[in-house]
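Chemist: Okay, here's what each chain looks like letter by letter:
Protein chains: 2
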Amino acid sequence: MTPTARAEAIVGGNVRLASRLMRDLDDEMPGADETLAALYGHTGRAEIIGITGNPGAGKSTLTDRLITAWRAAGLRVGVVAIDPSSPFTGGAILGDRVRMQQHATDSGVFIRSLATRGLLGGLSRSTRDVVNVLEAMGFERILIETVGVGQDEVDVAHTAHTTVVLTVPGLGDGVQALKAGLLEIADLFVVNKADRPEADQVIRGLKLLLELEGGQRHGWTVPISPCVATDGTGLDTVVKLIDDHLAFLKTTGLFETRQRSRRRAELLDRVFVSLRREAEARVRAQGGAEALVDALLARTLDPATAARRLLDLDVRGDV
Amino acid sequence: MTPTARAEAIVGGNVRLASRLMRDLDDEMPGADETLAALYGHTGRAEIIGITGNPGAGKSTLTDRLITAWRAAGLRVGVVAIDPSSPFTGGAILGDRVRMQQHATDSGVFIRSLATRGLLGGLSRSTRDVVNVLEAMGFERILIETVGVGQDEVDVAHTAHTTVVLTVPGLGDGVQALKAGLLEIADLFVVNKADRPEADQVIRGLKLLLELEGGQRHGWTVPISPCVATDGTGLDTVVKLIDDHLAFLKTTGLFETRQRSRRRAELLDRVFVSLRREAEARVRAQGGAEALVDALLARTLDPATAARRLLDLDVRGDV
Chain V
1 MTPTARAEAI VGGNVRLASR LMRDLDDEMP GADETLAALY GHTGRAEIIG ITGNPGAGKS
61 TLTDRLITAW RAAGLRVGVV AIDPSSPFTG GAILGDRVRM QQHATDSGVF IRSLATRGLL
121 GGLSRSTRDV VNVLEAMGFE RILIETVGVG QDEVDVAHTA HTTVVLTVPG LGDGVQALKA
181 GLLEIADLFV VNKADRPEAD QVIRGLKLLL ELEGGQRHGW TVPISPCVAT DGTGLDTVVK
241 LIDDHLAFLK TTGLFETRQR SRRRAELLDR VFVSLRREAE ARVRAQGGAE ALVDALLART
301 LDPATAARRL LDLDVRGDV
Chain Y
320 MTPTARAEAI VGGNVRLASR LMRDLDDEMP GADETLAALY GHTGRAEIIG ITGNPGAGKS
380 TLTDRLITAW RAAGLRVGVV AIDPSSPFTG GAILGDRVRM QQHATDSGVF IRSLATRGLL
440 GGLSRSTRDV VNVLEAMGFE RILIETVGVG QDEVDVAHTA HTTVVLTVPG LGDGVQALKA
500 GLLEIADLFV VNKADRPEAD QVIRGLKLLL ELEGGQRHGW TVPISPCVAT DGTGLDTVVK
560 LIDDHLAFLK TTGLFETRQR SRRRAELLDR VFVSLRREAE ARVRAQGGAE ALVDALLART
620 LDPATAARRL LDLDVRGDV
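Residue numbers (this note's numbering), protein chains in the order written: chain V, 1 to 319; chain Y, 320 to 638.
There may be inaccurate statements among the hints.
With a Cα cut of at most 25 Å, we get these calculated SDA-like pairs of lysine to any residue [unchecked claim]: (1) V/LYS250 to Y/ALA610; (2) Y/LYS559 to Y/LEU394; (3) V/LYS207 to V/PRO226; (4) V/LYS250 to Y/GLU609; (5) Y/LYS569 to V/THR300; (6) V/LYS207 to Y/GLY375; (7) Y/LYS569 to V/ALA295.
Since the hints were made in silico from the structure, they are not lab data. Just so you know, these numbers come straight off a predicted model, no measurement behind them.
All chains should be modelled from the sequences, with the hints used to inform the complete structure.
Modeler: What follows is the structure, encoded as structure tokens:
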């Protein structure tokens, strides 16, 4: 099957081929990039929502609720769920995904779990790839669920049009959000488990932090929305605020601005991955550059000089 | 002042110059890399302990307690505390550091806070730089405190000889540690706030997970140590287990193995940073590659092709 034929089948609704393409892209199989390139003309159409927050904040439960709400509104929903990879298993732990089994038989929902990858900084790249495939498949809302601590996750949030930061009482007050750099990426704060007594304190803390920052982002006032994801309390408001933010982006032209940053980041990612691959190939060609590591251990070379030697290798031909 | 003279002054105990070098390395000031290179012969001498865990687990309190214990044992202690950067302030939030003021007047303690950096994946690089400077300054124990979620933090843990994973009841059971990939990097689990009723459940969960994995790492049985960091309960055992692990590494030769991986990672880091800089310089030289981003938005080019064009630019001379 040619890349173009595969791409056409995926756009035409072949879910099995789409799943295989996502796996092939992850594994860097031959032909996968070409198929993605052939799909690319069908991308750029979805509304992308990022949900980020600490482990235990209830991201999967909220994701589940949003899928249900959007399906009820007639929207087709794609989900990219990102779990930090276990170096031991090399894959994501799927525990939380089980809850989403109720959507498994709904052809209007597609859920893809991604593990974070080690060396190639592949989290953002894999996510962007999967989002492109989901867009080409015709999903109208795409939800990216990330752990939300660490630069990778912040990068992923930049792929979304609307970023929801989920927090929960009991992890310290809003200062944790500030520490994790989440204050600046949130278009909407959702305080889950809002029936707990400490919830008010979290809301007050977040309000204060947002006010310190000016409380506004390009004219959008970042709302703080309490909910209890497990029983659905406050979910209608969360759904409405997400719609409001998407509408705000579209009327102000910010939607196009975000689309543009997303594409720029995608390009930079690709360039970096290519260069990184080249570096790794050079290190591998030198048997892991063990002679340079030996010199570092003996402290006869410093890391900056060693790196320069490695990069100059193909010119100079020796260590 | 020449790089060599600066390096000599730092090795000789000039704390002010050492602090300035750390700042200069972070800001990529001219001469900083040369000074680090001149210091490099004095590195590789410290025992490095990583402490990692979720926000709110009590890492700073444990760090504080360990500093006190090691100082009482006559060891000089350096600390690298890493907070995810706020893109808004461009720096780390120093709230937790305030607790450590009691060590501020002790010349046997040096505490450096690092923000995570954006584009250059600089967390691991900055950390390694600071550790090298601290080693050259003669600190015998170096403690790296990280948030412990995300690949960056896992990378940083690989810099340490002994990695302590701190967890706390109330964040779900041990499965969160598994999800975050912490199970594989822990040489010692510390369960903080062990006076809470749910602590037993956490300990049982972790035990089960460790048993599933075999419970051993190169012949070391990973202990699970309960404590209450705020009042010091169980701290003596934590201190002893860290010493035990360091002794184990040295008698088995694993200390050298870890030193070697650390230096290899340091070398790769440097190579990647050079390459990433090159990628960014190429994008910048093309005015942000706006013509290529336009083509991506118009979907007349796909990202892989656009990246190839950008990488070929200096050869082909046009987009």
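Chemist: Assess, step by step, whether the Cα of V/LYS207 is no farther than 25 Å from the Cα of V/PRO226, and give holds or violated.
Modeler: Given pair V/LYS207, V/PRO226 holds - Cα atoms ~12 Å apart, limit 25 Å.
Chemist: With the threshold set at 25 Å, check whether the alpha-carbon distance from Y/LYS569 to V/THR300 stays at or below it.
Modeler: 23 Å, holds
Chemist: Checking one constraint from the list: CA of Y/LYS559 to CA of Y/LEU394, max 25 Å. Satisfied?
Modeler: 14 Å, holds
Chemist: Keeping to a limit of 25 Å between CA atoms, is the pair of V/LYS250 and Y/GLU609 held or broken?
Modeler: Roughly 22 Å separates the two Cα atoms, so the pair holds.
Chemist: Are the Cα atoms of Y/LYS569 and V/ALA295 separated by 25 Å or less?
Modeler: 21 Å, holds
Chemist: Would you check the hint for V/LYS250 and Y/ALA610, treating anything up to 25 Å between C-alpha atoms as holding?
Modeler: 23 Å, holds
Chemist: Keeping to a limit of 25 Å between CA atoms, is the pair of V/LYS207 and Y/GLY375 held or broken?
Modeler: 20 Å, holds
Going through the hint list in order, the structure satisfies each hint without exception.
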